[in-house]
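Peer 1: Using the hints provided, position chain B relative to the given structure of chain Y.
Same order as they appear, the protein sequences are chains Y and B.
If you're matching positions, the first sequence starts at 1 in our numbering and goes up one per residue.
If you're matching positions, the second sequence starts at 217 in our numbering and goes up one per residue.
Derived by calculation from the structure, the hints in this document are not laboratory data.
Treat the hints with care, since some could be wrong.
DSSO-like cross-link-like pairs, simulated, lysine-lysine; straight-line CA separation at most 30 Å [unchecked claim]:
no.	chain 1	residue 1	chain 2	residue 2
1	Y	210	Y	157
2	Y	9	B	243
3	Y	172	Y	150
4	Y	42	B	380
5	Y	157	Y	177
6	B	310	Y	172
7	Y	9	B	269
8	Y	47	Y	32
9	B	380	Y	123
10	Y	42	B	378
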Amino acid sequence: MIITFGTQKGGTGKTTLAIAFANYISGISERKVNIFDFDFQKSFYHKWKEDEQSELPKLYDVEIIDEENEQPFSDFEHLIEMKESEDINLFDLAGTLDARYSDLLIYSDFIVIPFEYSNVSAKSTLVFINFLGLLESQAERIFIRSKYDKGYKYQNKEGMDAEISRYGLILKKPVFKRNCLQTIDTRKLTYEQKYAVKNAFAELIDYINKTLEINI
Amino acid sequence: MIKIFLTILAVYLLYYAGNIAYDLFLKRDSSRHEEESEEYTLTEFTGNNTTVKEVTIDDVEHLNTPNSFNAKELFSLNEEEPDKPYDLEDWRRKFESEQNIEVFETDPQIDEQSLEPKEIPEDDRAAQENIQNAEIGAFSDPISDIAKNLDSERENESPSMKLKQQFNQFLSLAETHVQVLADRDGYKVYHSML
Numbered sequence: 001m002i003i004t005f006g007t008q009k010g011g012t013g014k015t016t017l018a019i020a021f022a023n024y025i026s027g028i029s030e031r032k033v034n035i036f037d038f039d040f041q042k043s044f045y046h047k048w049k050e051d052e053q054s055e056l057p058k059l060y061d062v063e064i065i066d067e068e069n070e071q072p073f074s075d076f077e078h079l080i081e082m083k084e085s086e087d088i089n090l091f092d093l094a095g096t097l098d099a100r101y102s103d104l105l106i107y108s109d110f111i112v113i114p115f116e117y118s119n120v121s122a123k124s125t126l127v128f129i130n131f132l133g134l135l136e137s138q139a140e141r142i143f144i145r146s147k148y149d150k151g152y153k154y155q156n157k158e159g160m161d162a163e164i165s166r167y168g169l170i171l172k173k174p175v176f177k178r179n180c181l182q183t184i185d186t187r188k189l190t191y192e193q194k195y196a197v198k199n200a201f202a203e204l205i206d207y208i209n210k211t212l213e214i215n216i
Numbered sequence: 217m218i219k220i221f222l223t224i225l226a227v228y229l230l231y232y233a234g235n236i237a238y239d240l241f242l243k244r245d246s247s248r249h250e251e252e253s254e255e256y257t258l259t260e261f262t263g264n265n266t267t268v269k270e271v272t273i274d275d276v277e278h279l280n281t282p283n284s285f286n287a288k289e290l291f292s293l294n295e296e297e298p299d300k301p302y303d304l305e306d307w308r309r310k311f312e313s314e315q316n317i318e319v320f321e322t323d324p325q326i327d328e329q330s331l332e333p334k335e336i337p338e339d340d341r342a343a344q345e346n347i348q349n350a351e352i353g354a355f356s357d358p359i360s361d362i363a364k365n366l367d368s369e370r371e372n373e374s375p376s377m378k379l380k381q382q383f384n385q386f387l388s389l390a391e392t393h394v395q396v397l398a399d400r401d402g403y404k405v406y407h408s409m410l
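Chain Y with its partners taken away, still in its complex shape (with noise of 0.2 Å):
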C-alpha cells in the first residue's frame, strides 16, 4: 500500500508525524516498512542517515527521490506494484506541491494531512484538498490536527472541520503540542513521544484497516 504525507504548505509538522508514524507502524506491524523521502530538504532522509550511528537498530529504509532519480515513477507499473504490495510505502512530500508529486497523489492509497487551524494553514490544507480534486486523486484524505494547544478555543474550528469532512476523515484524536516532539529520531519512540501520537495514530491505523479490508 502507499501511505502519503503531504500538504501544501509547510511548518505543519508533516515530516515529525511521518517519522512518528514510521516508527510507531513498524512497532505494531509485521509488514516491512520503506520510506521515500519525496522532499527536496530530505529531513526525514537526514534524520535518518544521522541515527546511522545510534546503538538502536535500524527500523526501516528511507531511499531519496530528488532530481537525479527522475520521473521514479514514470514506471507506471512501478507505482502499481507498490500500490499492491503487502509492505507499507510511505511517502514523505515537500511542503511545496512539485508536478512530481502528481501520479504518487493520484495513486496513493491514504493521504495523511496534518493541518492546523491558523487562518494560512487552513487555507492551504483547502487549497491542497482542491488540488487532490482536480487530480481526480482516488486516495482517501486523512486530517490529522496537528501542533493542537488543548487548552485553547479556537474559534474557526466548528466551521473548518464541517468544511474539511466533506472531503475525507478528521481523526478524532488530535496530535498535541509536544515538546517532546521536537526531538524524534528515526530508531524509536520514547514513551512520550508515544504517548503524544498514540491515540491519533490508532484510529488512523483502524481507518486504513477497515477501508482495505486488511490487518497491518
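Peer 2: Relative to chain Y, chain B alone:
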C-alpha cells in the same frame, strides 16, 4: 393747465425720440451682436479645436440633483436577508447553485470552441489551447482529460513541459477557488468552491 399739457407733450416727445434712437442704434447693435455670436459658435463647432469632454459614470453618479430626487429610494435595502454567518448549509447550497449556473454557462462555449478548431489561426492556437485547458480542467470528466492530454502530448515535443503546465494550472485553480466563509475574531473559515 396749458403748462401741464405742454410738459406731458414734451415728455411724450422725448420718450418717442428716445424710442426711435433706441430702435435705430441700440437694438440694431444687439441683433448684429447676436448674429455674430451665432456665427462664432458655428465656426467653433465645425472647427477642429473643439474639446470633447468625457463624461464618466462617476460624473453621473456625483451629479448634483435636487433633494427631492433622493427622497425616495428606487430599491429598498431592507430586502436583504438578515445575517446568518454561521449557517454553513445555507451558504453551501448558495455556492453550489451558483457553481451550477457557471458550469451551465461555460459548457456550451467549450463545445462550440472544440467543434471548430480549424478556423483558429496557427499563432493563436497555442494560446487558445491553454485557455481551453484551464477552463476544461475545472469542469471536464477524467476520460476526456486524459484523452486531451494524450493528444497534446503527441503534438508537443516535450510532454513533461505540458504536464508541468497542467500542474501549474491546477494549482492556480485550486488556489483561486478557496473563499472565506466566515471570520470569527480573526479566525477564518474557508470554503472550497470546486
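Peer 1: All hints are to be evaluated individually against the structure, with a verdict given for each.
Peer 2: Verification of the hints:
{"no.": "1", "hint": "Y:210 - Y:157", "result": "27 Å, holds"}
{"no.": "2", "hint": "Y:9 - B:243", "result": "87 Å, violated"}
{"no.": "3", "hint": "Y:172 - Y:150", "result": "13 Å, holds"}
{"no.": "4", "hint": "Y:42 - B:380", "result": "22 Å, holds"}
{"no.": "5", "hint": "Y:157 - Y:177", "result": "16 Å, holds"}
{"no.": "6", "hint": "B:310 - Y:172", "result": "29 Å, holds"}
{"no.": "7", "hint": "Y:9 - B:269", "result": "52 Å, violated"}
{"no.": "8", "hint": "Y:47 - Y:32", "result": "20 Å, holds"}
{"no.": "9", "hint": "B:380 - Y:123", "result": "23 Å, holds"}
{"no.": "10", "hint": "Y:42 - B:378", "result": "27 Å, holds"}
When each numbered hint is compared with the structure, violations occur for hints 2, 7.
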